[in-house]
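Residue numbers (my numbering), protein chains in the order written: chain G, 1 to 266; chain F, 1 to 266; chain P, 1 to 266.
If you are wondering where the hints come from, they were derived from the structure by calculation, not from laboratory data. Please note: incorrect hints may appear among the correct ones.
No copy is singled out in the list; a pair is fine if it fits within one copy or between any two copies.
[As the list claims (entries may be wrong)] Using 30 Å as the maximum straight-line C-alpha spacing, the simulated BS3-like pairs for lysine-lysine come out as follows:
#, residue 1, residue 2
1, Lys-53, Lys-138
2, Lys-37, Lys-262
3, Lys-53, Lys-250
4, Lys-37, Lys-138
5, Lys-37, Lys-250
This one's a predicted model, so the numbers in the text were calculated from it and none came from an experiment.
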Amino acid sequence: MIIEVKDVQEGYVKSEKHNHVTTIEFFHPQGNSLPGKMLADLAHEIVYAGNDKTVNVIILRSAGTGAFCGGASFDELAAITTEAQGKQFFSGFANVINAMRKCPKLIIARIHGKCVGGGVGLAAAADYAIAVEGAEVKLSELSVGIGPFVVGPAVERKIGLSAFSQLSIDATHWRNGDWARRKGLFAELHPTLESMEESIERLSNTLAHSSVEAIVELKKVFWKGTEHWDQLLTERAAISGKLVVSEQSKHALKKILDARAKAKAV
Amino acid sequence: MIIEVKDVQEGYVKSEKHNHVTTIEFFHPQGNSLPGKMLADLAHEIVYAGNDKTVNVIILRSAGTGAFCGGASFDELAAITTEAQGKQFFSGFANVINAMRKCPKLIIARIHGKCVGGGVGLAAAADYAIAVEGAEVKLSELSVGIGPFVVGPAVERKIGLSAFSQLSIDATHWRNGDWARRKGLFAELHPTLESMEESIERLSNTLAHSSVEAIVELKKVFWKGTEHWDQLLTERAAISGKLVVSEQSKHALKKILDARAKAKAV
Amino acid sequence: MIIEVKDVQEGYVKSEKHNHVTTIEFFHPQGNSLPGKMLADLAHEIVYAGNDKTVNVIILRSAGTGAFCGGASFDELAAITTEAQGKQFFSGFANVINAMRKCPKLIIARIHGKCVGGGVGLAAAADYAIAVEGAEVKLSELSVGIGPFVVGPAVERKIGLSAFSQLSIDATHWRNGDWARRKGLFAELHPTLESMEESIERLSNTLAHSSVEAIVELKKVFWKGTEHWDQLLTERAAISGKLVVSEQSKHALKKILDARAKAKAV
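The following block holds chain G by itself, in its conformation from the complex (with noise of 0.2 Å):
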């Protein structure tokens, strides 16, 4: 993988194959949130990979010592100002989220930092999420005038509506990588980096040998009854699109956007 300065500044997405194995990585210099551009490039990646008939798995992971994905880019957010606009941008998760459902092989999420909003979704839309301590997790989509109606699917088929409703609730509080993983968001959450990583090749190599017909069957098994989801998180979409032009809305964008000036100036 080739990075350039432009990435670096701008944000990448790139995929890489080894043994098997497609890696796709995404960085952004703003917490790894995630600008639209970028959501196009995730799920290009993926359906590529999905296509590929040499690929078996996919491990999806981000650059960087710090969150693993902050979500929505608030830069973007606080941009629209149409609805249109706005249920284009979430559209952006929810093909994301789609492609992910519809790819044909295992996808496993490599969590080595903290998740909000977006983020939530990725995990959870990953068949089997590895995470290390540190990884906590927040929907505070509520606490800037919206909601996580478009990762809200993925995440409560995989944590179930008690825990989806009490992150989506209590907006602004921190569960931390052990509530992850007794909910069920993570499947494993290791004490190091060494120990997630080992498990992360151990478990990619494992699954490069496998069954691939089987592995085909398990997918459509583990996602058997979400055929609607195309339809319904472009539905999802246009609700946080509305909402994201509200004045509450636009209001909570500016105070975030406008503290992270005043730091930015300090």
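Following the hints, complete the assembly by docking chains F and P onto the known chain G.
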């Protein structure tokens, strides 16, 4: 909230609004168990607060330092002589759960003590239950010849089939507050009353100032797929209504009331 | 229960009725794994006890001090040469699970040791599983080129999608009894055999004297929404049947049998 002597003897349901938060409180001298009249009042107050545009969040609580809710009133259960009466009584619980389900506000339950039968249903039908140590739970229905049929859908939706089955089958066994928290019935379990009150205060205050539109959409998402419950819970009330007039149930209820009368006489 | 020498060599399924409780016991010398003949016998005994009006509760147990159930018989799996034979073999598990599902009595599983593959399915399809420390679980299907397709619906229904995915994907990894209890596969996990036996005795005795009508209704409620499983599990048996005759599966099964033969020879 003004409470009269009559209320203390016969039980009451009262509402109070303060800063966009409506608190609904119920009380009954028999361990906060619920006769038909109070069930009707509870449903009414929930519908009323749901229609109040100045309310954003509802706190459901009971009075006293004993049980949060003892479930169905044993006196009324024992007085039922026909299936039709039975169905009507259990429809009272169905109406409360359906009112909570359709209410467009978020409902926080304040669980200060034990929950039995219908009381577990109230905790489950709330969107977010905050409890304190000592809040044990039990679905004792089978031990009196009936079953948790009306509250079943609400309980299973919140804690899953396995935990719901455990409670239903092992009907004489109390599960402690930590069990209820781990299974998702309680979102939070606090070591002290003070800590529970602080958390309710903090969360209700935050929600009172959150986006009304976002909360309405969240509530819809949480209860998606329960649109048939008006009918389902009525059918369930008919099942309980039929069982409660069986010889086995009559016998079990008589034993409980006799034991209570004897304890009072001593 | 009279057990003959032939039974010890070829395995057996036997039933015994005592005080409204039918105990169904199975045994097979290869770690209580299940050949087609025993699966048919198991289904038959469950249906028989379900139709017995003097029975209120069924205890499902296996003999010995080793595994509770090793899943499908490897000897039979290895002998399958056509998809049709494969589908027929796996339909044996489908029939047992469907018999448990449709049985109008509550089924308590006594899990005294490890559960593998189909053995996890039996524990999941019971209404209430009581286990002892050491009862580890594994869905090893993917490691022999197949998948937990027939038992999948029963396992997912009981422990949720996340835990089911974890077991299915990480197919070589044992999860301990505490994991199984936390995920809801086991209702209880006891430190000693004595404590497990006491609990089974207590609960089965209580249920034997509970309302038959209430239990019939409870059982219906627990299994609501599975009415299509006769067809679903047959479709799943066809998937496993197709995979088990693949080259990859044949190769994996041969390796296991060779290792077993070698171990025996030493």
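Tested hints:
no. : hint             : in the structure
1   : Lys-53 - Lys-138 : between (36 Å within a copy, 29 Å between copies)
2   : Lys-37 - Lys-262 : within (27 Å within a copy, 58 Å between copies)
3   : Lys-53 - Lys-250 : between (45 Å within a copy, 22 Å between copies)
4   : Lys-37 - Lys-138 : within (23 Å within a copy, 42 Å between copies)
5   : Lys-37 - Lys-250 : within (22 Å within a copy, 46 Å between copies)
Violated hints: none; the structure is consistent with every hint.
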